[in-house]
Amino acid sequence: MNATTPVIPSNHVDEVTGLLYIEGQLEPASARGVVAHLERCPACRRLLDTLKRESLLLREALTEADEPLPARLLAPRLAEGVSWAWLTALGLAAAGLYAFWNIYVGPWMETLDQSGFGGQFIFTWLLFNGASWKGWNDMLQWVIVGSLVILATVLLFLFRRNLRRLTSISVFLAVALLLSLGFAPPAQATEFVKTRSTYEVPAGQTVRNDLFIFGNSAHIDGTLDGDLFFFGHSLTVDGQVTGDVFAFADSVRIKGKVGGNVRTFNQSISIEGDVARSVMSFVNHFELPAGATVGGSATLFVEDMQIEGRLGRDLCAFAGEGKLDGRVGGEVRLYQDRHARGVISVGSRADVAGDFHYRGPTAPDVSSNAKLASAPHVEIVHEVPDYLRSYSYWYNAMIWGMAFVIGLLFISVAPGFVQQASREVSRIGAPLGLGLVAFLGLPIAAVVACVTVVGLGVGISAFFLWVFLLCFAQVFTAVWLGETLMGTTSEAWPMTGRLALGLLVLRLGALIPVIGFWVRFIACVLGMGALVLLIFRRVQRPIVPSPMAAAPAAPAA
Amino acid sequence: MMGRGKPEGMGGEDLAVTVARARAGDREAWGELYRQFAGPLFRFCRRVLPTREDAEDAAMDVFVKLRGKLGQYDPERPFTAWLYKVAANHCWDLLRRRKIRQDLETEEAETLPLEHPDPGQLDQMISEQTSGGVRQALSRLSDRARMALVLRYYAEMSYDEIAEALGLRRAFVGVVLLRARHELRQALAQGADAPPEAAGARGGR
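In order, the protein sequences belong to chains U and P.
So the number in my numbering is just where the residue sits in the first sequence, counting from 1, plus 537.
So the number in my numbering is just where the residue sits in the second sequence, counting from 1, plus 3.
Okay, chain U solo, but in the shape it has when bound (with noise of 0.2 Å):
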């Protein structure tokens, strides 16, 4: 741009002026010394013809129809069109998921309530999926990675708009996972056993792969040369696992040599042979006789454990009660519940090389001949309310951080998307009745989609979205109490200065005790139903009802 010094003659109209009186835009005393003006001055009288001219000009270069309007805006989405569109996708799916119930589900859910499995265990059986990921043969990888396609389009589709600026981060981290997915190491061969009675692999015999067994009860007598996943009432092995045992029993019994680790989710388990790795269990009473080892390391969420065996490194436990009476290798660290009743021992035969830690409600009974290599590090923890302890503080300073992190790249990345989401969390009605069903529905939609084997993609990606809403919905829940505090707003700073102020008094709110969880709970729940009403808007509603080469207008009534 030009910033010479200006050469308007002194005595003529100059260009401003000139432009706001061909505009209409000058003081009437202005425009009649305007006048005035040009009535004597020829070459005044030329640059105001010269800029209508240019005025002209510009109307026509700006209105003329030069280029045909998109498809996208000639035909947006129709109402009509969309709707049967959905009806037979809907349709499609849900004729699907009755023939998936009827194929797979039914059957399973038999041998399930056989082997003495309520359906509070299917979460445990969508963990024990996930955990045996790498035993699905190559065609259900295929199938899976072809479910998260599906899934990442949709999710594409559905909030292009707003993640335009990241469309290429997303595409970019889409093709990653699937091709991470795609070039996972190939599966191994891998036998899959469904039985109502009893599966057993007899002394003598080895079977040279990884198994997957479906059953009442399993006794491996002979030899497993593979990872071996037990779903049902009990397993024995009484022989050898070389690989990792994965346990969703009621007992499990290991008189044997397991080469792996094992890992359980069950009501009992008696290790009385020998694990050369590792243990960790989820179980109601653990038990490590005397004579029995573990080569690694033993991590217990228990209720009641003996322990008269030996671990060849660190015991960690939670547990209720329970008694250490044999040799660890490495150190121990054992939390008892703060509410536990029971008393946690260590016995006369206890032998510990590593430090002892001991955190809970009531002190250890340690029996003065226990060998310990230090002395125990003992700290007792009463029940106190959450709002007198400080560390309740420094908990929910850290939970409002990462709400308010995760709620600025909300921000930063679709601001829009933020306060669409906000302005629905304030119809409160309907957020919160489909946030219920968001809720509720949300995991038993990834569990059937589990279940059904061809959806465990969908299924697993499904569980850990609800689990990011249980903990992040809550962000627009708190952008919309900012906005009833202190005002609504669409520009990106204030909206993460209302996140902050919501976030803050929806964690003040939870520190009151009884009324602090349904705070929280109905931040998360409100906040899920705005994303189901948001996400049910981009579906639902078109733009336009009917498209652009539909009759010409009607008159108007």
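Calculated directly from the structure, the hints in this document are not laboratory data.
All clues given are correct.
SDA-like cross-link-like pairs, simulated, lysine to any residue; straight-line CA separation at most 25 Å:
| hint | chain 1 | residue 1 | chain 2 | residue 2 |
| --- | --- | --- | --- | --- |
| 1 | U | K589 | P | S145 |
| 2 | U | K589 | P | Q189 |
| 3 | U | K589 | P | A174 |
| 4 | P | K72 | U | M1023 |
| 5 | U | K589 | P | G135 |
| 6 | P | K68 | U | P1031 |
| 7 | U | K860 | U | R850 |
| 8 | P | K72 | U | I1072 |
| 9 | P | K68 | U | L946 |
| 10 | P | K88 | U | E597 |
| 11 | P | K72 | U | T1026 |
| 12 | U | K908 | U | E809 |
| 13 | P | K72 | U | G953 |
| 14 | P | K68 | U | G953 |
| 15 | P | K68 | P | E159 |
| 16 | P | K68 | U | F947 |
| 17 | P | K68 | U | W1030 |
| 18 | U | K794 | U | D851 |
| 19 | U | K860 | U | S807 |
| 20 | P | K72 | U | A967 |
| 21 | P | K88 | P | S161 |
| 22 | U | K908 | U | Y895 |
Predicted model, so just to flag it, every value in this text is computed and none were measured.
Put chain P on the given structure of chain U with help from the hints.
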């Protein structure tokens, strides 16, 4: 002629009735409005935003906004003016958010003097220009200059409306418009010297 920011094939009275029906929730009426304004609105966005994709997205978004805000529209005011006001705010926000605005601040617009044109030269330059050439040159202007010209000569906004849309004082609107014209003249002069592909680098998509 298509465009001029006016609805395609609808009289003022018809328009008022259709708007009233759309406000009452008549989907057909809204469809009618969409058909009438899709073209003008898309061209508005196309003139203001850098790429065709941006313009498509913006036009769709503006329609969604318009539909959502239809209840807030004051029927006493011209519908077209309201429509372009919403569109202008949306596009201006978009440009501002992308931080690609390189135009001068208001104070500078006020203080920087403008070179007085030679009417003869200017006259000749205008005579030599085609609409396409002007559009190409427009695409090389600063965002605010382009926006101001489009608001005035495409959307036919008043000075008050332009001031509101661009966040200016009304007194500056004339200066901003004149400055935009100067930028345009400069771009046109450069465009005449520059090779055609370079000249169409941004606007030709």
